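Asker: For the sequence shown, position 48 matches number 50 in my numbering, and the numbering has no gaps at all.
Calculated from the structure, these hints are not laboratory results. It is possible that some hints are incorrect.
Lysine-lysine pairs mimicking DSS-like chemistry, simulated, CA-CA at most 25 Å apart [stated by the list, open to error]: (1) K285 to K360; (2) K341 to K378; (3) K398 to K285; (4) K109 to K30; (5) K285 to K270; (6) K360 to K378; (7) K321 to K378; (8) K352 to K378; (9) K360 to K398; (10) K349 to K398; (11) K321 to K341; (12) K321 to K360; (13) K106 to K30; (14) K341 to K352; (15) K419 to K378; (16) K419 to K461; (17) K352 to K419; (18) K419 to K463; (19) K60 to K109; (20) K285 to K321; (21) K398 to K378; (22) K321 to K419; (23) K106 to K138; (24) K398 to K461; (25) K30 to K95; (26) K349 to K321; (27) K341 to K398.
Bear in mind the structure is a predicted one, so any value in this text is a computation, not a measurement.
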Amino acid sequence: MPIQTEPLSVLDILRSIPDSVLTIDRDKRIVSLTGPAEALTGTAEIAAGGRACGAVLKSEICDTDRCPFDRSFIGGETVTNFNVLMRDAAGEKTPICINTSPLKNGKGEVVGVVETIRVVSHINRLIEELREQRNKVQAVLDSIAEGVFTVDRDGRITSVNRMAERILGYPAGEVLERPCQDVYPQEICGPGSSLHETLQGGRQVRNREVTVADRHGTAVPLSLSTGPFRDEAGTTLGAVCTIRDLREIERIAEERRSRTPFVGIVGKHPRIREVFDLVEMIKDSDSTVLLQGESGTGKGLFAQALHSRSPRRRHPFVKVSCAALPETLLESELFGHEKGAFTGAIKDRKGRFELADKGTIFLDEIGDLSPSVQVKLLRVLQEQEFERLGGTQTIKVDVRVIAATHRDLRQLMREGKFREGLFCRLNVIPVHLPPLRERKADTPLLVEFLLDRFAAKGKGKATSVSPRTMAILMDHLWPGNVRELENVLEHAMVCSRGNVIEPEALPRSLLTGPADLTSHAATSERPPERPSAGPA
């Protein structure tokens, strides 16, 4: 006869688990907790029943939007390895690992959450070891020639070396144990920064270039690299950020640019030579320049060339993409904001116009500005002054404005989408950049220049293209202009099996699509003898 056993209840099963187990209802109140949970919290099950979860667990994430309960109850997720601190029965901060799962009834409806908790005290031992070695670690950090600071998993600064103090202007005593984004610029610690990506995703970010304002308001170009540090179990405990001051590097680069004014811009066609000559004529002027041309024609390179040849070259060159941000963020990005101007504005922040003072600001995709931002920009162009978002103090700046667009601003004016007054202020010196299809004779020059550049970066071993490949490149209309040509050649360089790029290495779309889509095919120029190429 089979052995008769009494059926086990769900609670019997939960109580057999060695970890602390709690069941919580939809109102975040305790329904049950097991013996290990009683020992951990210091609260008996009979006393815990019906009490708020946060009153029993006493965790740092209770009643915040980080609580994993919400992800399981509202989102139906199973959350694993969620590491936090809680106060145990003795009142000591104890590191715990929480797993949560949605609790469903017979109809499949989520009616609560099951939480399992495991104490991970080995983290405490690691922290203690880190404390004991703090002096040794600090000595090592201070010997590094680059700026270095570390944060814990909540973004609080835990160490700073002397070089970071010097670059950013904040003594260690003023920043330690404070949230990074409350102290350092948002480009270093805020949402979207490399440090934020490392803390959120646990991945390394290398050599991200940003321009920030230091404590004294000076624009400082930096290269940031961030990486996580983990415990033996692989749990991210925080992150380290290294800071390289690019001012000396930029000084050397400026000297090189002054000797070669059009770095990265190649061409001998009369249309592009006219643009080169015009840039030389207007480089010493402070007049506003409007660069017009299709996407990929090099508007950003010409803006940089104008700045690097101007008397403002030793001052900041600040780039802004007017199409990359929504209206509210773009206004704050351009003009800055005061603390409390909007949700998330936790401190005063300078805008790009302030950072570009005495230098040049490059407003890319100017045709995408909203009407309200157009009004503020018009005032800056007219009076060189503005107020920060949420502020009342008028700020004066000395900035040269270079704007760029691939759109027809006159057509936008006719449609009522672009202010005539702003257009007149921007169009003081119009510069039209010809598309690649209108200067096809430059294609061999560009091909040689780009292949040399890719080879210098170690992206392949090809050094030239075959005549058949060149014929295909010459016949293509290049709607994406030089940028598209650059992408095609990089693809071909990677896929090429030898030193000469054959048609088979080109992207399939270039081989299967029509060579020309308009009458340009009838007038396309053929490649001349392969000349030497380099920056014009």
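Asker: Run every hint past the structure and note whether it holds.
Answerer: Hints and how they fare:
no.: 1; hint: K285 to K360; in the structure: holds, 15 Å
no.: 2; hint: K341 to K378; in the structure: holds, 20 Å
no.: 3; hint: K398 to K285; in the structure: holds, 23 Å
no.: 4; hint: K109 to K30; in the structure: holds, 21 Å
no.: 5; hint: K285 to K270; in the structure: holds, 20 Å
no.: 6; hint: K360 to K378; in the structure: holds, 20 Å
no.: 7; hint: K321 to K378; in the structure: holds, 18 Å
no.: 8; hint: K352 to K378; in the structure: holds, 16 Å
no.: 9; hint: K360 to K398; in the structure: holds, 11 Å
no.: 10; hint: K349 to K398; in the structure: holds, 21 Å
no.: 11; hint: K321 to K341; in the structure: holds, 24 Å
no.: 12; hint: K321 to K360; in the structure: holds, 14 Å
no.: 13; hint: K106 to K30; in the structure: holds, 15 Å
no.: 14; hint: K341 to K352; in the structure: holds, 11 Å
no.: 15; hint: K419 to K378; in the structure: holds, 15 Å
no.: 16; hint: K419 to K461; in the structure: violated, 43 Å
no.: 17; hint: K352 to K419; in the structure: violated, 28 Å
no.: 18; hint: K419 to K463; in the structure: violated, 49 Å
no.: 19; hint: K60 to K109; in the structure: violated, 33 Å
no.: 20; hint: K285 to K321; in the structure: holds, 18 Å
no.: 21; hint: K398 to K378; in the structure: holds, 13 Å
no.: 22; hint: K321 to K419; in the structure: holds, 23 Å
no.: 23; hint: K106 to K138; in the structure: violated, 52 Å
no.: 24; hint: K398 to K461; in the structure: violated, 46 Å
no.: 25; hint: K30 to K95; in the structure: holds, 22 Å
no.: 26; hint: K349 to K321; in the structure: holds, 23 Å
no.: 27; hint: K341 to K398; in the structure: holds, 20 Å
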